[in-house]
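Number of protein chains: 2
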Amino acid sequence: MTDREIVPWRVLSQKPALDASPWVRCWVETVELPTGKVYDDFYTIELPDYAIVFALTDSGDVVAERNYRHGARDVCLVLPAGIIDKGEEPLAAAKRELREETGYEASEWQPLGSYVVDGNRGCGRMYAFLARGARQAQAQELDEMEQIEVQLLPVRELSDMLFRGEIRTLATAAATGMALNVLSREAKLETPA
Amino acid sequence: MTDREIVPWRVLSQKPALDASPWVRCWVETVELPTGKVYDDFYTIELPDYAIVFALTDSGDVVAERNYRHGARDVCLVLPAGIIDKGEEPLAAAKRELREETGYEASEWQPLGSYVVDGNRGCGRMYAFLARGARQAQAQELDEMEQIEVQLLPVRELSDMLFRGEIRTLATAAATGMALNVLSREAKLETPA
Chain Z
76 MTDREIVPWR VLSQKPALDA SPWVRCWVET VELPTGKVYD DFYTIELPDY AIVFALTDSG
136 DVVAERNYRH GARDVCLVLP AGIIDKGEEP LAAAKRELRE ETGYEASEWQ PLGSYVVDGN
196 RGCGRMYAFL ARGARQAQAQ ELDEMEQIEV QLLPVRELSD MLFRGEIRTL ATAAATGMAL
256 NVLSREAKLE TPA
Chain U
76 MTDREIVPWR VLSQKPALDA SPWVRCWVET VELPTGKVYD DFYTIELPDY AIVFALTDSG
136 DVVAERNYRH GARDVCLVLP AGIIDKGEEP LAAAKRELRE ETGYEASEWQ PLGSYVVDGN
196 RGCGRMYAFL ARGARQAQAQ ELDEMEQIEV QLLPVRELSD MLFRGEIRTL ATAAATGMAL
256 NVLSREAKLE TPA
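These protein sequence lines are chains Z and U, in that order.
For the first sequence, the working numbering assigns the number 76 to the initial residue and increments by one for each residue that follows.
For the second sequence, the working numbering assigns the number 76 to the initial residue and increments by one for each residue that follows.
Honestly, I wouldn't trust all of these hints.
The list treats identical chains as interchangeable, and a pair is accepted whether it falls inside one copy or across any two copies.
Derived EDC-like pairs (lysine to aspartate or glutamate); straight-line CA-CA distance at most 20 Å [to be verified]: (1) K112 - E221; (2) K263 - D235; (3) K170 - D115; (4) K112 - E241; (5) K90 - E216; (6) K161 - D133.
Derived from the structure by calculation, the hints contain no laboratory data.
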C-alpha cells in the first residue's frame, strides 16, 4: 500500500443535529469513503478550542490547580486551561487563563502543538504551552462558576502522578507528558557524554 | 482555602438533548454550584470509551499507523486505538485493536491509566496501555470503514514528533507522552550514578 492510497473522506452533506451555541454544536454528515461506500449518519461535534499551560517556576515547581471537573464528576488535579475567546490568539488565551485562574505570569513561552480532541468526532482543539519563569503577579480573578485552589508541585511529582495514572483528565495528562518530554530531552543534552 | 471547600456540583436534573446511540448522546443538565447558584443549561456529552496502545517491538520500534481521522479532516500518524465493546475489558479491547488494526500482538502489557476526554463535557474515557514484545502475528483485519497503513517508527522519532508538535490527535499525543515518561524513568534508573 503506498502513501497515496490513504485519502480523506468526502463530506457530501452536513445537517445540524444539536445547536447549543456557543458551547456545543453537533452535526450529522453524509460521508463518502475512498471505497465509494456512503454513510449518511456520521456525527461530528464542535466544542470551543482551549489553551492549557504547564508553567514552571524558577525553583522547578509546576503551577497546578485543584478544581472540580464536571466531565470527571470529581475534584481533580489539573493544569491551568480555558476556552480561547473569539478572535483571541491561543498564546494570549494561555497567558490570560494562567493569570486569571492562578494569579501567575511567566516570562518564557514555548508552544507544544495543537491537537484535535477526538480523532473521530472533532470536539475542538487543544493548544498546549510550556511556560517558564512563572511567578505570582496578582490575585486570582475567578468567574462565578470557578472554584480553584492553586497548588505548586515539583516536576517530579507530576511525572510520578502521570506514571501512576493519577491524573484524571486527558488534557492535563497530555500537556504534562509533552512538557516532561521537552524537559527530559533537555536533561539528556546536559548529561556529560 | 482548605481542601474541603472544593466540592462537586449537584446535578438537579438531566434531559436528553441528542440521542444518536450508540455513538453520541448529549444531555442538558441543571446543576447547582457550591455557591448555591443554579445553571439550567449545562451540556454534557457521552461518547464510547476507547483503548489506545503504545506498542514496542523488541528492537525498540513503535507500532504506529497512518490513518484518515475525520475529526482532524486529514491523514494522521496515530497509535492503534478503538472503541471498547460493551462488556469488554479495556485491556482486551487494546489487545484486540492492536491485532485487528496492525496484525501485531504483544507479550507484556502495562496500564497507563484512564482519562476523561473532556473535563467539562465528558466525551467518554480513554484507557491507555504500554505494550512490549510486539511482533507481527497475523494480517490486519480491517472493517469496511478502516484504511490503515502500519508504520514502525523508532521511539526517538515519536519523541521528536511530539516535541515538534507533529502529532495531530490528542489521544496519540497523550499516550505517547505517557509512554515516553515511563521509558525515560527507566532509562534514568539504568544510568550509573
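Task: Alpha-carbon proximity between K90 and E216, which holds within one copy, between copies, both or neither at 20 Å - done: neither (39 Å within a copy, 32 Å between copies)
TODO: Tell me, please, which holds for K161 and D133 at an alpha-carbon limit of 20 Å: within, between, both or neither?
DONE: neither (32 Å within a copy, 48 Å between copies)
- [ ] State whether the alpha carbon distance between K112 and E221 is at most 20 Å within one copy, between copies, both, or neither.
- [x] Between copies only: 12 Å across chains, 47 Å inside a chain, cut-off 20 Å.
TODO: Give the relationship of K263 and D235 under a CA distance limit of 20 Å: within one copy only, between copies only, both, or neither.
DONE: Answer is both: 19 Å inside a copy and 14 Å across each meet the 20 Å cutoff.
Open item on the list: At most 20 Å between CA atoms: does that hold for K170 and D115 within a copy, between copies, both, or neither?
Closed with: neither (42 Å within a copy, 30 Å between copies)
- [ ] Please work out whether the CA atoms of K112 and E241 approach to 20 Å or closer within one copy, between two copies, in both situations, or in neither?
- [x] This pair counts as neither: shortest intra-copy Cα distance 42 Å, inter-copy 30 Å.
Hint violations for this structure: numbers 3, 4, 5, 6, all remaining hints satisfied.
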